[in-house]
Amino acid sequence: MSEWWTYRTEDFLLFSPRVYWRMFELHNAALWPLHVLTLAAGLIIILLIARRPGIGARWIAFILAMLWIFVGWSFLWNRYATINWAAAYVAPAFAIEGVLFLIWSLLDRLAFDRRGPAGWIGYLILAFALAGQPLLAPVQGRGWTSSEVFGIAPDPTAMATLGLLLLARGKLLLVLLPIPVLWCLLSGITLQTMGEPQAWAPYAALVLAVTAWIWTIIRRRADIMKEDRT
Amino acid sequence: MRTTRRTFVQASLAATAAAALLPISLRAQENPPGRRPIPSTREEIPMVGLGTWITFNVGDDPVLRNECAGVMAAFFEAGGRMIDSSPMYGSSQPVVGYGLQKLGRPSALFSAEKVWTSSAAAGPPQIEQSRRFWGVPKFDLVQVHNLLAWKAHLPMLFQMKAAGTVRYVGITTSEGRRHDLLEQIMRNEPIDFVQFSYNVVDREAEARLLPLASERGVAVIVNRPFRQGALTHRLKREPLPEWAREFGVSSWAQLILKFILSHPAVTVAIPATTRVDHVRENLSAAAGPMPDLAMRQRIAAHVKAL
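Chains as they are written, first to last, in this note's numbering: chain A, 1 to 230; chain B, 1 to 306.
None of these hints come from the bench; they were simulated from the model.
In this text, a Cβ means the ideal position worked out from N, Cα and C, and glycines have one as well.
Check the hints yourself; a few may be wrong.
[Said to hold, decoys possible] Pairwise CB distance ranges, derived in the manner of DEER restraints:
| hint | chain 1 | residue 1 | chain 2 | residue 2 | range |
| --- | --- | --- | --- | --- | --- |
| 1 | A | Asp11 | B | Asn188 | 26 to 32 Å |
| 2 | A | Arg8 | B | Arg203 | 19 to 25 Å |
| 3 | A | Gly143 | B | Leu306 | 36 to 42 Å |
| 4 | B | Gln184 | A | Ile189 | 45 to 51 Å |
| 5 | B | Lys304 | A | Leu43 | 58 to 64 Å |
| 6 | B | Arg203 | A | Gly132 | 44 to 50 Å |
| 7 | A | Ile44 | B | Leu306 | 55 to 61 Å |
| 8 | B | Gly217 | A | Leu185 | 44 to 50 Å |
| 9 | B | Gln184 | A | Val175 | 30 to 36 Å |
| 10 | B | Glu238 | A | Thr193 | 24 to 30 Å |
| 11 | B | Ala108 | A | Ala127 | 53 to 59 Å |
| 12 | A | Val175 | B | Gly176 | 32 to 38 Å |
Make a model of the complete structure from these sequences and hints.
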């Protein structure tokens with residue numbers, strides 16, 4: 001791309017906010033009442049983490065795998081790509097994230113038993129993704145019909161995943177991070193370019209998650225140094 | 001017969017219904033937009049066309065697709081001809097095709113498309129795919145979008161023109177980018193059309209591109225005449241100057257369009273809109289008297305001062 005410095009984010013926005021939010025209305029209408037099932041899956045995930053963090057980890061990873069693949073196929077590939085050709089290139093990333101969770105589920109490498117401040121931030125992001133994000137549409141006057149629901153729309157799915165990964169321990173956990181992080185960033189930029197105030201939601205989830213991870217890393221290193229001294 | 005409110009309303013409704021039943025061609029004759037010749041053939045086209053960037057990218061949404069078809073219907077009814085799109089504009093091409101089918105494929109259509117791929121080999125299949133989306137036998141005009149791979153696509157388009165599968169060949173850019181290269185191509189290649197951004201606040205094209213287009217006999221399509229709505233949005237808080245009304249202008253959009261169209265080198269401006277009233281307003285800007293040089297300067301100075 002020549003004279004790339006002259007391009008603004010607005011130059012890459014192919015659709016109007018009205019078209020964008022009506023896309024969620026049509027998507028919700030087409031998939032209803034599947035929302036009940038995906039929200040129930042989200043609640044089961046929270047219950048498994050709270051009650052049986054060790055035993056349920058495999059099933060949590062499995063549920064997330066299915067939801068990432070489903071959102072990538074149903075929303076990005078079949079719906080969003082009709083107004084944004086770039087979404088067709090992002091959809092495979094959702095499938096990759098799903099496959100990664102599937103592998104982690106089969107290998108049973110995760111444990112969702114992290115506690116402390118990072119864990120609580122994880123619960124906070126998870127709760128917002130499940131219960132807060134769907135409220136943004138009616139709060140902003142668009143009505144429930146264009147609500148973004150966990151397991152149906154990409155933003156709450158990616159945000160909930162960030163929250164869950166804050167609660168997780170396991171080898172190669174970092175491999176599961178880039179795709180939800182990049183999606184939150186991409187979605188935040190898109191919403192901000194459209195002038196939508198709710199751009200703060202994916203940005204806030206991202207900032208909170210990154211802060212919690214940095215805090216956890218610093219804390220872990222401090223503990224190691226402390227152990228070395230003793 | 002005494003005219004009561006009831007009879008007035010009944011008569012108004014009957015008149016509206018009758019107007020809706022009028023053939024497109026009859027209604028277009030009421031206040032036809034001004035025309036300009038395409039220099040390479042002297043074929044005349046209306047000075048206001050219809051852009052589809054963002055506005056026609058509505059995906060599979062049936063409500064919004066019908067709204068776009070309504071805009072197209074109003075466009076043809078008001079005497080419009082040129083519709084411009086691109087493979088880059090998301091679902092705009094199939095939405096244009098949907099509208100054309102719904103309107104019974106108006107014969108007035110002047111189809112302006114683009115080729116937008118960095119691969120030389122992918123050019124012809126992309127144009128064919130675009131043609132299928134539109135549902136037209138061939139395009140009137142195919143342009144190299146944003147000069148992407150122009151060295152590869154221009155010879156292919158000239159071949160298509162020689163074979164009769166496209167009538168005109170052009171190149172495009174937007175927002176003042178790559179004017180030097182655009183100028184070079186205008187000087188050296190036998191193109192029929194050039195497309196770039198030009199409006200009352202973005203006037204770089206006046207220095208070299210517009211005079212060169214006149215000199216070389218290249219038709220000029222002006223894109224983003226309202227700076228993608230930002231210009232009309234900024235001006236809507238300001239009162240329209242009284243002196244603007246002397247050439248039949250009733251809105252800022254019309255004044256901005258009159259400014260663009262009054263440049264003698266401009267052939268067509270292609271504002272995009274989602275509203276039927278706006279498309280009518282835009283086309284009516286191409287009718288009636290145009291500002292002279294002194295008035296053009298006055299308009300530019302007034303807008304700059306706001």
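Of the hints stated earlier, which fail here?
4, 9 and 12
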